[in-house]
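These protein sequence lines are chains G and C, in that order.
The first sequence runs 17 to 492 under our numbering.
The second sequence runs 17 to 492 under our numbering.
Derived by calculation from the structure, the hints in this document are not laboratory data.
A few of these clues could be false.
Which copy is meant is left open, so a pair is good if it fits within one copy or across any two.
In silico DSS-like pairs for lysine-lysine, Cα to Cα no more than 25 Å straight-line [to be verified]: (1) 259 with 206; (2) 161 with 97; (3) 161 with 87; (4) 60 with 256; (5) 233 with 97.
This one's a predicted model, so the numbers in the text were calculated from it and none came from an experiment.
Protein chains: 2
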Amino acid sequence: MLRKLPLLLAAALTASTVQAQDAPTRIPESAIATAAQLRERALKDDTAWDFVEGLTTEVGQRLAGSENDAKAREWVIARFKALGFDKVWTEPVTYPKWVRRSEHARMTAPYAQPLAVTALGNSPGTPAGGITAEIVAFESLDALKAARPELVRDKIVYVGPRMHAHKDGGDYGKVGSPVRTKGPSIAAQKGAAAFLLRSAGTDDNRLPHTGTTDFEKGVTPIPAAALSSPDADLVEHVLKRGKPATIELALDCGVEGEYTGANVIAELRGRTRPNEYFIMGGHLDSWDPGTGAIDDGAGIAISVGAAHVIAQLPERPKRSLRVVAFANEEAGLYGGKAYAAAHAKEIAHAVLGSESDGGADRIWKLTASVKPSARDAIAQIAAAVQPLGVEYDANAPGRAGSDLSAVHEVGMAGLSLHQDTTRYFDWHHSANDTLDKIDPEQLRQNVAVYAVAAYLAAEAEGDFGSAPGAFAQDKE
Amino acid sequence: MLRKLPLLLAAALTASTVQAQDAPTRIPESAIATAAQLRERALKDDTAWDFVEGLTTEVGQRLAGSENDAKAREWVIARFKALGFDKVWTEPVTYPKWVRRSEHARMTAPYAQPLAVTALGNSPGTPAGGITAEIVAFESLDALKAARPELVRDKIVYVGPRMHAHKDGGDYGKVGSPVRTKGPSIAAQKGAAAFLLRSAGTDDNRLPHTGTTDFEKGVTPIPAAALSSPDADLVEHVLKRGKPATIELALDCGVEGEYTGANVIAELRGRTRPNEYFIMGGHLDSWDPGTGAIDDGAGIAISVGAAHVIAQLPERPKRSLRVVAFANEEAGLYGGKAYAAAHAKEIAHAVLGSESDGGADRIWKLTASVKPSARDAIAQIAAAVQPLGVEYDANAPGRAGSDLSAVHEVGMAGLSLHQDTTRYFDWHHSANDTLDKIDPEQLRQNVAVYAVAAYLAAEAEGDFGSAPGAFAQDKE
Chain G
17 MLRKLPLLLA AALTASTVQA QDAPTRIPES AIATAAQLRE RALKDDTAWD
67 FVEGLTTEVG QRLAGSENDA KAREWVIARF KALGFDKVWT EPVTYPKWVR
117 RSEHARMTAP YAQPLAVTAL GNSPGTPAGG ITAEIVAFES LDALKAARPE
167 LVRDKIVYVG PRMHAHKDGG DYGKVGSPVR TKGPSIAAQK GAAAFLLRSA
217 GTDDNRLPHT GTTDFEKGVT PIPAAALSSP DADLVEHVLK RGKPATIELA
267 LDCGVEGEYT GANVIAELRG RTRPNEYFIM GGHLDSWDPG TGAIDDGAGI
317 AISVGAAHVI AQLPERPKRS LRVVAFANEE AGLYGGKAYA AAHAKEIAHA
367 VLGSESDGGA DRIWKLTASV KPSARDAIAQ IAAAVQPLGV EYDANAPGRA
417 GSDLSAVHEV GMAGLSLHQD TTRYFDWHHS ANDTLDKIDP EQLRQNVAVY
467 AVAAYLAAEA EGDFGSAPGA FAQDKE
Chain C
17 MLRKLPLLLA AALTASTVQA QDAPTRIPES AIATAAQLRE RALKDDTAWD
67 FVEGLTTEVG QRLAGSENDA KAREWVIARF KALGFDKVWT EPVTYPKWVR
117 RSEHARMTAP YAQPLAVTAL GNSPGTPAGG ITAEIVAFES LDALKAARPE
167 LVRDKIVYVG PRMHAHKDGG DYGKVGSPVR TKGPSIAAQK GAAAFLLRSA
217 GTDDNRLPHT GTTDFEKGVT PIPAAALSSP DADLVEHVLK RGKPATIELA
267 LDCGVEGEYT GANVIAELRG RTRPNEYFIM GGHLDSWDPG TGAIDDGAGI
317 AISVGAAHVI AQLPERPKRS LRVVAFANEE AGLYGGKAYA AAHAKEIAHA
367 VLGSESDGGA DRIWKLTASV KPSARDAIAQ IAAAVQPLGV EYDANAPGRA
417 GSDLSAVHEV GMAGLSLHQD TTRYFDWHHS ANDTLDKIDP EQLRQNVAVY
467 AVAAYLAAEA EGDFGSAPGA FAQDKE
């Protein structure tokens with residue numbers, strides 16, 4: 017018996033695999049026809065615009081754990097209910113609460129100049145009155161890693177590489193984000209007094225870009241902040257003169273205990289398989305200098321807009337649709353991880369998911385991480401969004417985007433709807449993240465793509481491979 | 017006798033006019049050939065860049081009357097001397113001193129939102145703790161003018177028209193500048209508590225644009241400030257909801273006595289007619305949010321660069337060249353008016369002048385206000401700069417630019433070298449007026465145009481019509 021059991025299990029697994037290959041997931045032609053109508057309807061619908069206009073106007077910034085974070089949850093719950101979702105609920109998300117009170121920097125020698133600066137999330141404050149120290153500059157994170165600690169000790173480390181704009185946002189992942197997230201920890205390990213970077217952005221505005229940083233375990237955190245790009249230029253012009261340069265940095269900020277917020281979830285109930293669902297959304301928290309329009313009011317708005325046009329159809333799709341406004345994505349996907357933990361056991365019910373978190377400019381590419389026998393269905397979805405200008409890259413993974421990447425990691429099949437981020441990093445995490453940066457026409461294109469994808473996934477005959485641990489090895 | 021005198025005078029005037037028409041001002045061919053060499057040399061010369069890089073890096077903002085204003089004068093005097101000008105001197109300029117200490121605004125109802133704001137020059141401060149009042153909005157200055165005082169009394173007036181970008185800066189003169197300079201005075205006359213405008217700029221950055229405002233005689237000044245364009249949008253989105261909106265505005269600023277600064281003047285001495293000169297320059301003062309790179313470090317830099325390449329020639333031009341770093345242009349052409357007053361009697365010595373105060377993007381058009389018999393010489397200058405992409409509009413006046421327009425008004429012949437201002441008003445008077453906004457290649461084109469024009473004017477046989485009162489009626 018003991019020997020037979022594994023054989024039986026193996027046979028069962030093989031059968032399951034064969035069955036999946038033999039019965040490819042398909043989307044019925046009638047659903048494809050309905051999707052074409054949805055596409056046109058979405059291109060004329062302003063539900064998404066109204067949502068993000070309302071959230072940014074009536075609430076504004078939504079720093080995780082702040083008073084406005086709670087205000088935003090109430091606002092979203094009320095709006096979800098007003099939009100007629102069948103069910104609206106919250107699920108708790110707990111995380112360390114980081115607060116920002118004030119931030120100032122200036123060069124004190126060899127020239128007196130004010131510097132536009134913003135503290136990074138997770139940064140501790142400086143002692144009252146600030147830190148005044150000499151700057152030591154590095155061109156890259158690698159140069160900092162290679163530096164002898166005696167060069168860095170008690171100094172303000174500055175790391176200055178520039179990000180360049182790309183449709184696929186490439187420089188953020190390669191340059192901006194690594195310097196911001198890892199630089200302060202490396203500088204702290206070498207005994208630096210504080211850390212400054214050239215903002216992880218592609219603009220030349222005198223508005224610094226914030227964002228979170230991570231300190232490795234065992235490292236004593238040091239104050240860490242971003243200079244606007246013109247201020248970083250100024251520092252570099254001064255340093256080129258070969259004279260020592262001194263900066264005064266005063267940050268009043270830091271982690272203060274824990275906070276319990278929530279993911280806000282809205283559901284349109286499916287007509288025949290209500291327990292299964294397509295999941296989409298964005299994150300409700302934002303950084304505090306702007307009003308969180310492109311990051312990520314737009315993401316929730318797009319999902320809401322898509323659900324709204326689908327809800328106008330004569331009948332609900334077979335499966336349910338879930339829209340999630342995730343809590344505290346910015347400090348480390350807390351909302352996504354909480355959802356993943358809460359729903360890991362029944363992850364097979366989350367048939368496919370896609371989160372929008374790249375602004376509001378048009379979607380230009382679709383990729384997916386699904387089981388092989390669902391590839392044809394993904395190709396059907398891709399064909400249905402192709403008239404909206406979306407390419408299909410069948411060879412790249414689709415990890416479902418920010419918070420949902422955490423859900424994908426526990427086994428949800430992933431769809432990635434890639435937005436053009438050429439302009440996104442001009443504004444991202446800065447005071448310039450405001451409503452005027454959203455182009456209503458491009459926003460509607462996003463809604464149309466999401467509406468089509470959500471509807472077709474909800475109507476598919478067969479699944480996309482969601483199962484506990486199914487995509488554990490998937491890397492973008 | 018009494019009757020004959022006017023006749024004699026009339027005859028003399030006629031003779032003078034006829035003589036001027038009979039002997040047109042000409043530029044010798046040898047000078048035209050030298051100008052072609054200058055043009056090429058200027059396109060490779062970085063003296064202008066080094067000047068503006070130095071001024072913005074080593075001094076930074078230069079608010080008229082501030083500590084940095086004095087620092088900048090010392091810096092410029094030292095740089096002029098180091099560049100080998102034959103003579104460097106200052107002439108005093110006295111004006112009311114306006115100071116800015118702090119500025120804050122926020123919406124308090126119906127939604128709590130911070131607002132990015134900057135006080136206008138000449139604005140008084142609010143009482144400590146600020147003013148809190150309801151907003152009343154107007155689409156244009158005309159709408160405000162037409163408003164019944166009871167609609168405005170004790171309220172914060174907001175005027176919100178948008179500027180659009182043009183090569184010739186048109187919307188600034190038509191929209192932005194009138195609202196800023198005249199709006200507060202009109203609102204004050206109707207009993208408003210304070211005045212806000214949508215920044216006089218063409219950008220969508222969350223950086224307000226400052227600039228001076230004027231209060232008419234007898235009007236009690238009220239606090240006046242500019243919102244960044246995204247903040248103006250926010251106010252308008254709130255007001256569209258039809259609910260009363262309340263703003264708290266706290267400005268700590270105001271006029272505090274008088275200050276005596278100076279125009280800083282450098283001269284390259286002419287080889288045969290040293291008392292006559294071509295005059296060029298820019299203004300040394302800047303607004304304080306940025307570092308005064310495009311407004312107007314670039315203007316002085318361009319003139320310095322032009323003088324520098326001319327100084328490298330084997331011999332000096334016939335006439336002298338003057339480069340002026342004018343004091344306090346921003347609050348009302350104080351430097352230009354002081355120069356005009358000090359030199360009015362010998363204004364005929366200022367044969368022609370052109371001030372650069374439109375940034376550092378390329379010069380695309382040349383216009384002039386000169387006596388008719390100097391038109392051919394202007395056409396010769398235009399032909400010499402035509403290879404640099406400069407058009408000649410023979411029918412439009414040329415009032416010589418900002419401060420020099422005040423000198424033109426007392427009789428100096430004027431040359432206007434129009435810069436492309438498509439990008440200028442994105443940054444003008446905001447924190448974004450920083451060195452990175454200057455394109456070194458376009459800066460060199462400006463230097464080349466100024467070098468050619470200055471040299472040819474200094475070599476002309478005959479004058480351009482400068483005489484006391486000669487251009488009193490000239491309007492651009």
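Here is what the structure says about each hint:
1. 259 with 206: within (23 Å within a copy, 55 Å between copies)
2. 161 with 97: Neither way: residue 161 and residue 97 sit 51 Å apart in one copy and 45 Å across, limit 25 Å.
3. 161 with 87: neither (42 Å within a copy, 40 Å between copies)
4. 60 with 256: Close across copies (22 Å), not inside one copy (54 Å); limit 25 Å.
5. 233 with 97: Intra 42 Å, inter 57 Å, cutoff 25 Å: neither.
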